[in-house]
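Asks: These protein sequences, in sequence, are chains A and B.
When we follow numbering that gives the first Met the number 0, the leftmost residue of the first sequence carries the number 0, and every step to the right adds one.
When we follow numbering that gives the first Met the number 0, the leftmost residue of the second sequence carries the number 0, and every step to the right adds one.
Source of the hints: derived by calculation from the structure; they are not laboratory data.
Careful, some of the hints might be misleading.
[What the hints assert, rightly or not] With a straight-line Cα cutoff of 20 angstroms, these simulated EDC-like cross-link-like pairs (lysine to aspartate or glutamate) come out:
no.: 1; chain 1: B; residue 1: Lys389; chain 2: B; residue 2: Glu464
no.: 2; chain 1: A; residue 1: Lys25; chain 2: B; residue 2: Glu285
no.: 3; chain 1: B; residue 1: Lys51; chain 2: B; residue 2: Asp150
no.: 4; chain 1: A; residue 1: Lys26; chain 2: A; residue 2: Glu40
no.: 5; chain 1: B; residue 1: Lys51; chain 2: B; residue 2: Asp144
no.: 6; chain 1: A; residue 1: Lys73; chain 2: B; residue 2: Asp269
no.: 7; chain 1: A; residue 1: Lys108; chain 2: B; residue 2: Glu464
no.: 8; chain 1: A; residue 1: Lys26; chain 2: B; residue 2: Glu287
no.: 9; chain 1: A; residue 1: Lys82; chain 2: A; residue 2: Asp12
no.: 10; chain 1: A; residue 1: Lys25; chain 2: B; residue 2: Glu287
no.: 11; chain 1: A; residue 1: Lys25; chain 2: B; residue 2: Asp286
no.: 12; chain 1: B; residue 1: Lys70; chain 2: B; residue 2: Glu34
no.: 13; chain 1: B; residue 1: Lys45; chain 2: B; residue 2: Glu79
no.: 14; chain 1: A; residue 1: Lys73; chain 2: A; residue 2: Glu41
no.: 15; chain 1: B; residue 1: Lys297; chain 2: B; residue 2: Asp269
no.: 16; chain 1: A; residue 1: Lys26; chain 2: B; residue 2: Glu79
no.: 17; chain 1: A; residue 1: Lys37; chain 2: B; residue 2: Asp269
no.: 18; chain 1: B; residue 1: Lys373; chain 2: B; residue 2: Asp449
no.: 19; chain 1: B; residue 1: Lys207; chain 2: B; residue 2: Asp218
no.: 20; chain 1: B; residue 1: Lys354; chain 2: B; residue 2: Asp334
no.: 21; chain 1: A; residue 1: Lys4; chain 2: A; residue 2: Asp91
no.: 22; chain 1: B; residue 1: Lys450; chain 2: B; residue 2: Glu260
no.: 23; chain 1: A; residue 1: Lys84; chain 2: A; residue 2: Asp6
no.: 24; chain 1: B; residue 1: Lys450; chain 2: B; residue 2: Asp423
no.: 25; chain 1: B; residue 1: Lys51; chain 2: B; residue 2: Glu34
no.: 26; chain 1: A; residue 1: Lys26; chain 2: B; residue 2: Asp286
no.: 27; chain 1: B; residue 1: Lys427; chain 2: B; residue 2: Glu439
no.: 28; chain 1: A; residue 1: Lys84; chain 2: A; residue 2: Glu40
no.: 29; chain 1: A; residue 1: Lys26; chain 2: B; residue 2: Glu285
no.: 30; chain 1: B; residue 1: Lys389; chain 2: B; residue 2: Glu439
[To be verified] Pairwise CB distance ranges (calculated):
no.: 31; chain 1: B; residue 1: Leu250; chain 2: A; residue 2: Asn101; range: 31 to 39 angstroms
no.: 32; chain 1: A; residue 1: Asn101; chain 2: B; residue 2: Lys427; range: 22 to 30 angstroms
no.: 33; chain 1: B; residue 1: Val266; chain 2: A; residue 2: Lys108; range: 47 to 55 angstroms
no.: 34; chain 1: A; residue 1: Tyr110; chain 2: B; residue 2: Glu353; range: 30 to 38 angstroms
[Stated by the list, open to error] Some but not every residue of chain B turned toward chain A, in silico, with C-beta under 7 angstroms:
no.: 35; residue: Arg271
no.: 36; residue: Ala272
no.: 37; residue: Thr300
All values derive from a computational prediction rather than experimental measurement.
Glycine is no exception: its CB is placed at the ideal position from the N, C-alpha and C atoms.
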Amino acid sequence: MTNYKVDVLLVEDNPDDAELTIRHLKKNNMANNLFHVKDGEEALEFLFATGRYAEQPEIVRRPRIVLLDIQMPKVNGIEVLQKIKSDPQTKDIPVVMLTSSNEDPDIQKCYALGANSYIVKPVNFDSFAESIKGLGFYWLLLNQLPSDKT
Amino acid sequence: MLFANLPIQKKLLRIVFLINAIVLFLAGIAFFLYEVHVFRTSTQEKLSTIGKIIASNSTAALAFDSPGDAKEILSALKTEPHIVAACLYDKNGKLFSNYLSDDTLQVLPAEPGSPGYHFSAGHVEGFEQVKQESVSLGTLYLKSDMGAIYDRLKIYAGVFLLVFFVSFLLAFLLVKILLKSISLPIMALAETARAISDKKDYSVRSVKMGADELGALTDTFNQMLDEIQQQDSHLKQFNLNLENMVRARTLQLESVNKELESFSYSVSHDLRAPLRAIVGFTSILEDEYNDKLDDEGKRITSVIRKNTVKMGRLIDDLLAFSRMSRQDNKKSTIDMQAMVDEVKASLVIPGNNEKIRWSIGELPPVNANPNMIKQVWENLIGNSIKYSGKKEQPCIEIGSFAKKDHIVFFVKDNGAGFDVRYSDKLFKVFQRLHTPEEFEGTGVGLALVDKIISREGGSVWAESELGKGACFYFSLPQA
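Make a model of the complete structure from these sequences and hints.
Replies: Pasting the structure below:
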């Protein structure tokens, strides 16, 4: 059970990819308030306070941004994205898709479903910065705002 | 209307009329001739009889030389209207007495001829000896016209005409009635044939109306229909089988295609994930543990990283190659000049390959898939840039020329070139003529070019002299 404020929710099933992503973000001081869930099912439980996260306080399950892998077992990224964007509680949360290839045909599908951006793995700082800059979340990169520090 | 185009009923009617007319005509002529002959014979006989009577009556008048009596006897001929002239000659041949039915110009012979009757110019005339107990007393002359025969022939002609018309009427009615037995089966056959050709229903059969030739025709027709129906059903069955087969094959192909797609998907995603980890963690090793690695360790990590990157590129190229064959081939008119300029601009990297001397000739537009052709230009121009990169003054020449109904485009450079002995390996996947130490590459680019151009209906070939440069050609159908 988490009880701190979550800025970035990383949804990634591959532990190596997750480690590399977190490492990159940490290196740039952006992973302080990062929470990592292992698949789509867990992501939905986290966001909608069900199952393992039933006791989740609302403030915690409202991340400022979701990094969502497309290809995952059980519930894949596209389904998670669909749920996020169709629920009035969560539809305003920016979602950045993580994909293996630039030419992934799923990218178009994700944009159609309301994804805000995408990053090709491995996630490096530059591409992440580029993605969230476009969303007007540049301050998140620095994670410096006093009000966010609790 | 031509006889051949007449309806059967009219045809038969005409035939019957014609036969009827000919038969009646011939019968009429025969009858007529016979009648004339009979009449002539009877007229002759009659005249001869009259002649004999008059002659025997006239013996006294001639014997006693009494012309008055003779005249009286001859005037009895008035009862025979057809006897137009008669006269008696005495034994010396001198005219003794005469009779003329009217005062017409009847020329009497000047002296008696030999006994007997004969026809002459519409008359029958002749002489009869007047004898008493074999002593010739004189000669009788009789002349009869043919009025009687004409009267009779007129009646015959009338009867003939009447028979003619009645027989025609009868023939007409009989044909009308009897023809039904012929025309009905024919019409039934025609009706059946029409129904079949209209509705394509081969189960229809014609009804047989008799055992004559038309009945046989109907039987044959129905047999033919049996056969056609059988063949038709065979054909339909065959078609159905074929359709089912095509459907099954299509489903099979679709599932294979889906499998292939999911295979490429898993290649692109699942094969890449471990590579990402290798590259990522090797980079961490290089970045964060740099001070703990000696030179050999650093070299080894760089080799690992380079190979992993290369593996990634191979996966990408292979994917592009396999995806190409599944793409729709949508053609449009391509401005080759603009495309080459665009590709060239995208490949020239400032500070790296700016010193290339370009010479671009005239490039006519073609009708092909723009994405595919762009890929071709990218690969060929990219190759030229790559292989001429080590030259003092790299030169790349791009141009075109017409060859039969194709346009040939070429990209020529003064780079490393290749050994023409191995030119058959140029366009095969993963076949390379240079080592990675000499030039980077995966061996997919030219294979892709070959595949694209053959799909567009053209061909690819190359010329080279090792160390002096290469020229790659591709042809496309003229727009």
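Asks: For every hint, state whether the structure bears it out.
Replies: Against the structure, the hints:
1. At most 20 angstroms may separate the alpha-carbon atoms for a hinted pair to count; B:Lys389 and B:Glu464 meet this at roughly 16 angstroms.
2. Restraint check for A:Lys25 and B:Glu285: satisfied, since their Cα atoms lie roughly 18 angstroms apart, inside the 20 angstroms limit.
3. Taking the CA atoms of B:Lys51 and B:Asp150, the gap is about 26 angstroms. The hint is violated against a cut of 20 angstroms.
4. For the hint linking A:Lys26 to A:Glu40, the alpha-carbon distance of about 28 angstroms lies beyond 20 angstroms, and the restraint is violated.
5. For the proposed pair B:Lys51 and B:Asp144, the alpha carbon gap of about 18 angstroms is at most 20 angstroms, so the pair holds.
6. Of the pairs offered as hints, the one joining A:Lys73 and B:Asp269 holds, with about 16 angstroms between alpha carbons and a cut-off of 20 angstroms not exceeded.
7. For the given pair, A:Lys108 sits about 49 angstroms from B:Glu464 by alpha-carbon distance, which is inconsistent with the 20 angstroms threshold.
8. Among the hinted pairs, A:Lys26 with B:Glu287 is consistent with the structure: their alpha-carbon atoms are about 11 angstroms apart, no more than 20 angstroms.
9. Between A:Lys82 and A:Asp12 the CA atoms are separated by roughly 18 angstroms; this keeps the pair inside 20 angstroms, and the hint holds.
10. Taking the CA atoms of A:Lys25 and B:Glu287, the gap is about 14 angstroms. The hint holds against a cut of 20 angstroms.
11. Restraint check for A:Lys25 and B:Asp286: satisfied, since their Cα atoms lie roughly 15 angstroms apart, inside the 20 angstroms limit.
12. Of the supplied pair hints, the one linking B:Lys70 and B:Glu34 is violated, its CA atoms being roughly 35 angstroms apart against a limit of 20 angstroms.
13. For the hint pairing B:Lys45 with B:Glu79, the CA-to-CA distance comes to about 11 angstroms; that is within 20 angstroms, so the pair holds.
14. Using a Cα cut-off of 20 angstroms, the hinted pair A:Lys73 and A:Glu41 holds, with the two alpha carbons roughly 10 angstroms apart.
15. Between B:Lys297 and B:Asp269, the direct Cα distance comes to roughly 28 angstroms. Violation of the 20 angstroms bound is thereby established for this hinted pair.
16. Distance restraint check for A:Lys26 and B:Glu79: the Cα-Cα separation of roughly 164 angstroms exceeds the 20 angstroms cut-off, and the hinted pair is therefore not satisfied.
17. The suggested pairing of A:Lys37 with B:Asp269 holds, with an alpha-carbon distance near 17 angstroms, which does not exceed 20 angstroms.
18. Distance restraint check for B:Lys373 and B:Asp449: the Cα-Cα separation of roughly 13 angstroms lies within the 20 angstroms cut-off, and the hinted pair is therefore satisfied.
19. As the CA atoms of B:Lys207 and B:Asp218 are separated by approximately 7 angstroms, the hinted pair is consistent with the 20 angstroms bound.
20. Proximity of B:Lys354 to B:Asp334 is assessed by CA-CA distance (about 26 angstroms); at most 20 angstroms being required, the pair is judged violated.
21. The suggested pairing of A:Lys4 with A:Asp91 holds, with an alpha-carbon distance near 17 angstroms, which does not exceed 20 angstroms.
22. Between B:Lys450 and B:Glu260 the alpha-carbon distance is near 19 angstroms, which keeps this suggested pair within the 20 angstroms criterion.
23. At roughly 18 angstroms between alpha-carbon atoms, A:Lys84 and A:Asp6 fall within 20 angstroms of each other, so this suggested pair holds.
24. The hinted pair formed by B:Lys450 and B:Asp423 meets the criterion: a straight-line CA distance of about 14 angstroms does not exceed 20 angstroms.
25. With a CA separation close to 25 angstroms, the supplied pair B:Lys51 and B:Glu34 exceeds the 20 angstroms bound.
26. In summary, the hint linking A:Lys26 to B:Asp286 is supported, as the alpha carbons are separated by about 12 angstroms, within the 20 angstroms threshold.
27. At roughly 17 angstroms between alpha-carbon atoms, B:Lys427 and B:Glu439 fall within 20 angstroms of each other, so this suggested pair holds.
28. For the hint linking A:Lys84 to A:Glu40, the alpha-carbon distance of about 16 angstroms falls within 20 angstroms, and the restraint holds.
29. Only pairs whose Cα atoms come within 20 angstroms are accepted, and A:Lys26 paired with B:Glu285 is accepted, the gap being roughly 15 angstroms.
30. About 13 angstroms separates the Cα atoms of B:Lys389 and B:Glu439, which keeps this hinted pair within 20 angstroms; it holds.
31. Here the CB-CB span from B:Leu250 to A:Asn101 is close to 33 angstroms, well matched to the stated 31 to 39 angstroms.
32. Between A:Asn101 and B:Lys427 the Cβ separation comes to about 27 angstroms, which falls inside the hinted range of 22 to 30 angstroms.
33. For the hinted restraint 47 to 55 angstroms between B:Val266 and A:Lys108, the CB-CB distance of approximately 19 angstroms leaves it violated.
34. For A:Tyr110 and B:Glu353, the Cβ-Cβ distance of about 37 angstroms falls inside the hinted range of 30 to 38 angstroms, so the restraint holds.
35. The interface hint given for B:Arg271 is met, as the beta carbon of that residue sits about 5 angstroms from the closest beta carbon of chain A, less than 7 angstroms.
36. For B:Ala272, the interface hint holds, the least distance from its beta-carbon to any beta-carbon of chain A being 5 angstroms, beneath 7 angstroms.
37. Interface restraint check: B:Thr300 against chain A, minimum CB-CB distance 16 angstroms, threshold 7 angstroms, status violated.
Hints 3, 4, 7, 12, 15, 16, 20, 25, 33 and 37 from the list above are not met by this structure, while the remaining hints are.
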